[in-house]
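S.K.: Read off the chains here:
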Amino acid sequence: MRTLAALLLAAAIATPAAAETILINNGRVVTNGAGGVIENGDVLIVDGRIAMVGANVAAPRGARVIEANGNYVTPGAFAAMSEVGLSEISGSGAPNDADIEGELISAAADAGQAFNPNVTAIPVTRIEGVTRAAIAPSASSTIFDGRGALVSMSGEADSVFRTRAFMVVELGESGANRTGGSRAALWPAFEAALRDAREYPARYRSGQGGAVLNEIDAQALQPFARGQGVFLVHLESAADIRRLIRFKRANPSLRFVIHGGAEAWQVADELASSGIPVILDPLVNLPDHFERLSARLDNAALLNRAGVRFAIAPGPGSVDAHQARLVLQLAGNAVANGLPWDVAFAAVSRGPAEIFGVTNLGRLERNYLADVVIWDGDPLQVTSAPTAVFIEGVEQSLTSRQTQLRDRYNPRNRRR
Amino acid sequence: MRLNLRPAIAIVAMLSLAACATTSADNTADEGPVPFASTYTPRPSTPTLIRNATVFDGNGAELSNADVLMRDGRIVAVGQNLSAEGATVIDGTGKFVTPGIIDAHSHLGVYPSPSIDATSDGNELTSPNTAEVWAEHSVWPQDPGFLRAVAGGITTLHVLPGSGNLFGGRGVTLRPVLGATTVQEMKFPGAPQSLKMACGENPARVYGSRNSSPATGMGDVAGYRQAFANAARYAARMEAAENGQGEPPDRDLEMETLAGVINGDIILQWHCYRADEMANAIQVAHEFHFQIAAFHHAVEAYKITDMLREENICAAMWADWWGFKLEAYDGIRENIAFVDASGGCAVVHSDSEVGIQRLNQEAAKAMADGRRAGIEITRAQAWTWLSRNPARALRIDQETGTLEPGRRADVVIWSADPLSSYAVAERVFIDGAVMYERGAQRDPPSDFELGQTYSRGRAQ
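Chains as they are written, first to last, in my numbering: chain G, 1 to 416; chain X, 1001 to 1460.
If we strip away everything but chain G, and leave its shape as in the complex, we get (with noise of 0.2 Å):
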């Protein structure tokens, strides 16, 4: 009895949360969408989804109305690749559900199973106006990285809400590294991966064993194998690139999406012609390894410019578990290098949602889930800050450990 008790009462405070018909009103409001940026205009959120944007949306009786005072109402930012949720303290030799060593797993390692949505980061990432994330483990030894998921930044029990939506897998210098030091025994590798995968489990039943996947391993990479998963490539050079689309040329059902493309403007309208989507770091300049000699700031805008879709992101090697918040800053430099800002805010928020074939996140149109931010200014300035953050129509408290500690410490306050 008690214990039902607990459950209505619990029940009975979720719900008007959950349930909360919000009117923002007045904002300079960024669809994402048809819709364009509209002026003046009102987003109305019903059970957590977006009912109405447009000017002059009335309010129904009982809802809220936030006054938006012509500030920026954008959708939530997606971080389209980070480790948020997989370690509290990434270093200093504390749990990191990031990094996985050794062989034991390699393609059935599952981000999914090791996200916790209780880290502070989270927060942190929340009031930043990041109301969800892409998250991957980093393999030290195999190719295959393992599945990522996707993750809201509610902090709440469910907040892990695609599992296994893409296998990471390392095509570029870092694969070669772990196949011997060449990419000659690289790409060998990685087909015969996929030969084991579609072969399962007939080959493994039979003794013959795979190749070189054992039969866990095989059994995940099966799916994307057979072209019904997207597969998140680590790569960086044109060369390497253009390895990837003759590839994907002779193998059309299968579905990859590149990280990193530090080269990839040097190839720009193959890969437009290709349809294979890039995330990208906009920050990435610096001939800092032998496959991106030729990384500049103006990427972005280049890719933009032939037609190639992406999305904004830290680039591999920068993605960690505690500044996903920064990939507003990231867009904010592509603008600053000749990206128009529509397209950049996208690249952080549609541009993710669509890569991963999330079809109800990140535009503000009707039935779209209510992950909303309202800002003091543009969002993809490093001095701005949302003043409210929504997701799935539930307002977010915007206290973090750094807000207290921040409170705890400030000098005005000490002076009282």
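There may be inaccurate statements among the hints.
[Unchecked claim] Computed cross-link-like contacts, EDC-like style, restricted to lysine to aspartate or glutamate with a CA-CA straight-line distance of at most 20 Å:
(1) X:K1325 / G:E270
(2) X:K1325 / G:E191
(3) X:K1325 / G:D99
(4) G:K248 / G:E191
(5) G:K248 / G:E270
(6) X:K1325 / X:E1287
(7) G:K248 / G:E215
(8) X:K1325 / G:E88
(9) X:K1325 / X:D1276
[Claimed, not checked] In silico negatives: residues of chain X with every beta carbon more than 10 Å from chain G:
(10) L1082
(11) R1407
(12) L1419
Note that these hints are calculated values from the structure, not bench results.
Don't be surprised by glycine CBs; every beta carbon is placed ideally from N, CA and C.
Please arrange chain X on chain G, whose structure you already have, making use of the hints.
M.R.: Leaving out everything else, chain X in the frame of chain G:
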């Protein structure tokens, strides 16, 4: 001998640009010229007048519709309706002019691009005390990062050894001279060298994993104290010998660096994250009577702002890095603003070949977050974190860091308010000469990048 005379020499060199390249270390008969002296010479410049811009003077003031006049590599005047016959005139309407950004913490050149085994040259991790090594001897002038840094408005940078040992070695203040073939061409004339020390997790992890000291925080502090105790004796014997009392000790490069810190001619840049560890470091400084110029990273500086102010120690900080180690766990976005608001010397640093390209955005974050926490900060005040304060931390503030008349003409013209994410550096002047111009079609200055696909059709 050298160690005692260096401070005076450094001051002389600071005052005299022409002399410093060739100033000898001291005037004792048995010494030759200063080894590895700066051979930096400013690029040719013409008198230049920037008209009608918004100017942050680096001292906290913002001037509207102001002019900046540079001549012979120095700032001549900042004000309204300036004129200068024969000067190159640049219309600054709608643009912003600031002192060049000074990064007090960089590893450009010592961890250059490309990052491979051969270029991992920034930390002599062979002993907890490698005070004898000099970062400048690892600097690769071809590092393509120097061009990217200048394009981000950097005019001076302090290159440090890594933080894996207690005493990493000497750091060096450089000009990002594009196309330099030697590091001596890049050395900021007269700027003192630093000693890089490190607190905390890094040395304990590196040496603890080798089952040698330091393996713990207490091992760290014991290591500092024993080394300075030895150095104090070395310095005393050296001084006695100069006064005709006894023989000088055998020359010891490690001791020479530490004694230089005690004597004040080598400035101390100390990597330290936590408040309690910074407090311990200050105790070591008191015990051995030396000054700490700056704590670097100083993620918890906001917890000890009064102590830092009273000890006259700058804090060189990131705007928002946190969580990658336990000692970085308490990072907050208001750290820089809180140090500044408490009257301390707040410095925005990069420690990153990526971050160094847009330190202005890091200052912008800190300013905005500070304001949201109720701290009043003007944008011109925020700029002091990027130029004047790092110049203080590096003891070059009499030469650069502000637009005061007589200072070196290290000047950036920005396309827009440089505390905006959309602003880019259009022109960067070092000693009054254009080191970088956005959009100029040029071959890459680094030989490494020449002939690569990178340079095809690419503007700097």
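S.K.: Check each numbered hint from earlier against the structure, then list the numbers of those it violates in ascending order.
M.R.: When the structure is compared with the hints, numbers 1, 2, 6, 7 and 12 turn out to be violated.
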